[in-house]
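Q: Going down the list, the sequences are from chains A, B and C.
Each residue of the first sequence is one higher than the last, beginning at 1492 in our numbering.
Each residue of the second sequence is one higher than the last, beginning at 51 in our numbering.
Each residue of the third sequence is one higher than the last, beginning at 182 in our numbering.
Treat the hints with caution; some may be incorrect.
Once the Cα atoms are required to be at most 20 Å apart in a straight line, the calculated PhoX-like pairs of lysine-lysine come out as [to be verified]:
#1 A:Lys2011 / A:Lys2048
#2 C:Lys258 / A:Lys1875
#3 B:Lys413 / B:Lys430
#4 A:Lys1887 / B:Lys191
#5 A:Lys1802 / A:Lys1882
#6 B:Lys191 / A:Lys1882
#7 A:Lys1802 / A:Lys1887
#8 A:Lys1887 / A:Lys1875
#9 C:Lys390 / C:Lys315
Stretch-level coverage of chain C by chain A, calculated; a stretch enters the list once three of its residues show a Cβ under 8 Å from a Cβ in chain A [to be verified]:
#10 244-250
#11 263-271
#12 274-286
#13 368-379
Hints in this document: simulated from the structure, not taken from any laboratory.
Here the structure is a predicted model, which means the values were calculated and not measured.
All C-beta atoms, glycine included, are put in the ideal place defined by N, C-alpha and C.
What follows is the residue order along each chain.
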Amino acid sequence: MDLRFRDTEPTDEERAAIDALLGPPASGWVGGARTDDDLRFAAAGEQERDLLLPALHAVNDRIGWISEGALDYICRRLTVPPADAYGVATFYSMFSLKPRPSRVLHVCTDLVCEARGAAGLCASLEERLGPPGLSWQRSPCLGLCERAPAALALEAGDPPAHAVYGPADAALTEFAEPPVEAAVPQSLHSGPGAGDELVLLRRVGVVDPGSLDDYRSTDGYAALRRAFTLGPAGIIREVLDAGLVGRGGAAFPTGRKWEATARQPDHPHYLVCNADESEPGTFKDRVIMEGDPFALIEAMTIAAYATGCRKGYIYLRGEYPRAFHRLTGAIAAARARGLLGDDVMGQGFAFDIEIRRGAGAYICGEETAIFNSIEGQRGEPRSKPPFPVEKGLFGKPTVVNNVETLVNVLPILLSGASAYAATGTEGSTGTKLFCLSGNVRRPGLYELPFGATLRDLLDLAGGVPEGRSLRAVLLGGAAGAFVRPDELDIPLTFEGTRAAGTTLGSGVVLVLDDGADLVKILLRIAEFFRDESCGQCVPCRVGTVRQEEALHRLAIKPQAGDLTLLREVGQVMRDASICGLGQTAWNAVESAIDRLGVFTSEEAS
Amino acid sequence: MKQKRAEPYDRLTHPLVRDDGVLRRATWEEALDRAAEGFRRNIEAHGPNAFAMLSCARSTNEMNYVAQKFTRVVVGTNNVDSCNRTCHAPSVAGLSAVFGSGGGTSSYQEVEDTDVIVMWGSAARNAHPIFFQHVLKGIRKGAKMFAVDPRRTGTAQWADLWLGLNVGTDIPLAHAVAREIIHAGLHNTAFIERATSGFEEFARSVEPWTPEVAEQVTGVPAEAIRRLAHAYATADRAQLCWTLGITEHHNATDNVRALINLALLTGHVGRYGSGLSPLRGQNNVQGGGDMGAIPNRLPGFQDLLDPEVRARFEQVWSNTIQPRHGLNLTEMLEAMGEGEVTTCYLIGENPVQSEADSLSCIKRLGMLDHLVVQDIFLTKTAQMADVVLPASAAWCEADGTFTNSERRVQRVRKALTPPGEARDDIEILCDLARRLGHDWHYDGAEEVWDELRRLSPAHTGMSYSRLEEHQGIQWPCPSEDSIEPPYLHGRLWATDPVARGTPAPFAVLEHSPPVDVLDEEFPLRLTTGRRLDSYNTGVQSSGFASPLRRGETVELCPEDARRLGLTAGEEVRISSRRGTVVAPVFIDPALRPGLVFMTMHFPDEVDTNSLTIEATCPIAGTAEFKAAAVRIDKLVPAKAG
Amino acid sequence: MSVPLPPPRRLVEITVDGEPVRLPEGSTILDACQDTPTLCYGDTLTPKNACRVCVVEVEGSRTLVPACSRRAEEGMKVSTDSERVRHSRKLVLELLGSSVDLSTTPGAAEWIAEYDADPQRFGQEAATVEQPVKVDNDLYVRDYGKCIMCYKCVDACGDQWQNSFAITVAGRGFDSHISTEHDAPLTDSACVYCGNCVEVCPTGALSFKTEFDMRAAGTWHEEEQTQTTTICAYCGVGCNLTLHVQDNEIVKVTSPHDNPVTHGNLCIKGRFGFQHVQNGRSAKQTQKD
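Chain A on its own, in the form it takes in the complex (with noise of 0.2 Å):
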């Protein structure tokens, strides 16, 4: 490609960070130093696009920021148009195209953050160290809701380093991060709900997530091992039979999908493991990737070998960098066990694992979002169809699964289909992971199974703290629905969600109790997807903006004229929108209004 640089340079650090990732430069035509060869020939390079984000992270992982200079010599190498480059650079937030100090603090201020007190820490900072924006930032949802409010500090090094501080208080006093079983209260205690009933988190908090000994002790590879017996075909029936449907929030049978792409005559086939946990409230697929990484991996070879993807991504928020690291550490020891690589377990079978790392930007939740993400693009989701079983990666047939769905495999498996489907209800089969979080007494991760009440989950959890009553519950997340402390019986299942108007989404259960501001969270909701939204699409990007000015002047003074205005453009949000994102975007205002009542009884206001 004829591109055209713009003659900045790189310092040897930034030179040294992208290298590190990508090599030393083939040729000086791609940012080398000149040799003869270079003056008579020049052979296009491999297809590197994808390494775009990638490389942006090698730089900002080392230097905290992306000056033109690195920008520059990273397109060189990948032949990337640095316009280009720069728009995606831009999309993601966790990447600074400004000079900044290595460390900075991103303080959640998102839903459960916000009813834990986030206001007061970022007040407190504000003092300390002066208006956000360099040193410290406001953030979306960093996924450690049971520890609100919370805040991660990244600095940026070699290696990089990261804080976690949950929760935090004004003066950020250090301390080393809990284990990650903290976060499942039922592994502490007996009795009904408790640890020994646990099937997807029962290794949480009992094995060390850093050994495939401690996991192979626990039936570790039981199940791929009985994969390879049943062949794919077998694998895809027993998925089937076991009713099991997507636990990312659409609800869509796993099995179909599997099926789907397994049949697809295009190839390569690709896995991709949506790990960009990113609704607000939710944490379930961190504490399994912190927790029990080995399940994941084991998991995602079962998926591959039955639908028949040589090559797997796990796509991993940029937030959560431990479990990155325990992900890393686990891919890196069932490839040296034969569990990933050429031959996985002597069955001849071929498969590996990548993690690609998101990097500030909630609609690659989306699925093929997450496409455009790993390709190197801006992380826009793309029309469909056609679907990601025919046309995903690559313009490949992928299959796409969330953490939580994929690790629901290996039960499935190890007892069989139908002992699978003994527990929960005839539509919701298998348990479920709860993140609990707000005004509770013990706020964190749950596992129950399908059937169980909105009641039953709070009691579980000690319900609201002494003194206080409840006022509402989120359920699903910002592109949930609100209930009312009346509707505590509805099961906990898709079917059950669902007549009651309301979803599970990605399973957050988001409490609030009476002393709650609904208005500021409905604010935070709006200025969320008006955040979030990635802009492609005029419902969404101009809606967003749109339904949260209706909502600033609502919170001052309710009139009818805004209540019809935020109803319209919810409504072209949802009917006209290309992705979830903005179809669910007015979901939850719509439950406030509807079934809260907030801003049309008096009690609201």
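Dock chains B and C against chain A, hints included.
A: Chains B and C alone, transformed into the frame defined by chain A:
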């Protein structure tokens, strides 16, 4: 380092005649009388061959038809040519020698549908940007592209493989590719046997050119030569495209033949998606030749020496045609120098600035008794004229047709009224014809075109209404009822030997290095070319304010700049054995040590063609613009330390 | 002769507002309902379906679907004028009209009237993309206060046609905008001034400097202009130019989108290099320095 932009040319709005050595405003009557009188005087004194017509590759087919008819009928000579000579005459000569027809064999669409594209001596990305979009479509659809060019141009940067050969070593490279194909057994024996002649001799002639030997001469690594050979030969479809990097050499027709040899060897011609495409440099340089505005062909590219062809024209034109070739542009200039051509009618050409060795061109034009220039600007050439006739700009102030590089004849339509007293070319030609005793009158361009369609079988089916309907039609189009395939020479694949016709001959060729040799005094190879936003001598392109324009520079590689102690923007003296110019330095890694580059876009500021050599191709007459030997000197001696 | 012809396409039958329509397989819904409003759709570009003004209702589909990109499938039942469709089109026009200057967008005023849209309803405080016009060269002007983010200029500059990649979409959400690398001026970017972005811009956000200046001076009179298609005067590729002429002056150059040579694309010379024929044409000096 930005140079002040040259003042754009203003349109000519009234005729000029020369009195006492000075051009002054005149009426049309006076100017036409003066022009006709001068022609008559010279023809009467020295015979019709003392007249030369330089027709305009910028103007319409219809105007070129009338101009060549004027030359052949009103004057009675075949001395008609155009600037075709300075660019693609070798392509026409080479292609017509092999296939009997001088046009490119393929269509743009086929480049999108092919498997391998070879861009040889073509900076199409900048010189033919919209053609290159078709190449890019092909690349996006999976075609592999190879670029052969001394410079790593914008085109080369899109290539899967760029081969940076030494200037003027195209024949060794092509020979090595051919030898490799033959030795790898990848030549198309069925095609060679049925549709070609002279293979054995050709194979013997390329035998010494092993890739390793070629590497010594061309500078291109043997491995890269092999890769090109294998890719081209094994492709199901392949397009070979070239531009002036092939044709602006002293042995240009041989260069073209060397490329054609490769297509014959592999059967990459005469099929959809496989072909040979010379990219024409001017809007109607293809059409000018097609219309017979060349000294050896009658309209429809018909052979002037064929008595039957001549007879048909003589009948329609009611005049006899000299049964011999006229002078080409190069020969005309020589004949002016020798006093054999004494009058010249020059339409829309600017040889003073476009010809190699421009100083000698000025001298030769200066020896004419009577020079009439018809143009839209008072160019450097027009300033030498005895009579200057202000013309309309063909592309927007006249009706007619142009023919593009894929042989597509397309309608040109009048959108503007010409300024002042400027008039349509065809009207002016008819006015002069009437003054010289031929009562010509055409009621618009369509009448001219219909006359041409009667005489040229290749154009017979192209009525204006059909051209409109199909957005242009590619020749040949012999019938109003059908459209021919977009590629030429499908006959070569016919099973019936009669339908197959004359076999296409391989050419046995010798390498002949550039005439202007490098030595200690002139150690740098200067090659010339175009930039994206400028055009030829800049007469047209200086008219708009291009943000990309930086004026003339001498481009050289960072290594040479360091070695010579030069910095970007510094003015330096560039000298060849013929002349000297001063231009600022521009540093470009697309070049390599020993290779420098200039354009000819700013002749009023930097006359690059005072450096180039007028070593011409003996067959086609094109000069070796692509290879001069120069030296670069600092204007101010470097300070010590 | 072996000229490859595309295989004949099968027909599919769909109903549009109850009327049966037969279309070649692979056609879009838009092919069946040509009077649908479109903004981001470009006849030479892959549908981006970003503006959502062309949405229609397809029976069985949870959301509305963009007519410009959705392929017609056998038996599809399409409504182009249902309550939901009218609501979405109205709101899309209101959302755009309230945030972007649509004053030079062909069709916008008519659609706003047709769908009874009221872009003012979001109030004076509604956020807009209003910003100063970018005039950094003599050939074309970028007035991003008129940009609806249809992506067409980026696609035309990028891999669909020009492959220069001078511009991109930068930023995200409402802040997303068309940008060069690091927001540099065009003159410091990869722009080659082919104007193929101007050719596809549906709103007048990108315009010839001549048009921009004439509009500013109040002398732009489209109804007085003639459009004549001719052939470019530069290289031998033979690009078709449509000259827009007002008062015997070329004021803008476009190219027919269905032309087999250009597909609507030109280079800097074809698009902007016309001035030489009118230099010195009249007393009015058109060339500035």
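Q: For each hint, tell me whether it holds in the structure or not.
A: Hint by hint, here is what the structure shows:
no.: 1; hint: A:Lys2011 / A:Lys2048; verdict: 14 Å, holds
no.: 2; hint: C:Lys258 / A:Lys1875; verdict: 18 Å, holds
no.: 3; hint: B:Lys413 / B:Lys430; verdict: 13 Å, holds
no.: 4; hint: A:Lys1887 / B:Lys191; verdict: 16 Å, holds
no.: 5; hint: A:Lys1802 / A:Lys1882; verdict: 16 Å, holds
no.: 6; hint: B:Lys191 / A:Lys1882; verdict: 17 Å, holds
no.: 7; hint: A:Lys1802 / A:Lys1887; verdict: 12 Å, holds
no.: 8; hint: A:Lys1887 / A:Lys1875; verdict: 14 Å, holds
no.: 9; hint: C:Lys390 / C:Lys315; verdict: 11 Å, holds
no.: 10; hint: 244-250; verdict: holds (count 4)
no.: 11; hint: 263-271; verdict: holds (count 3)
no.: 12; hint: 274-286; verdict: holds (count 4)
no.: 13; hint: 368-379; verdict: holds (count 3)
In summary, this structure violates none of the numbered hints.
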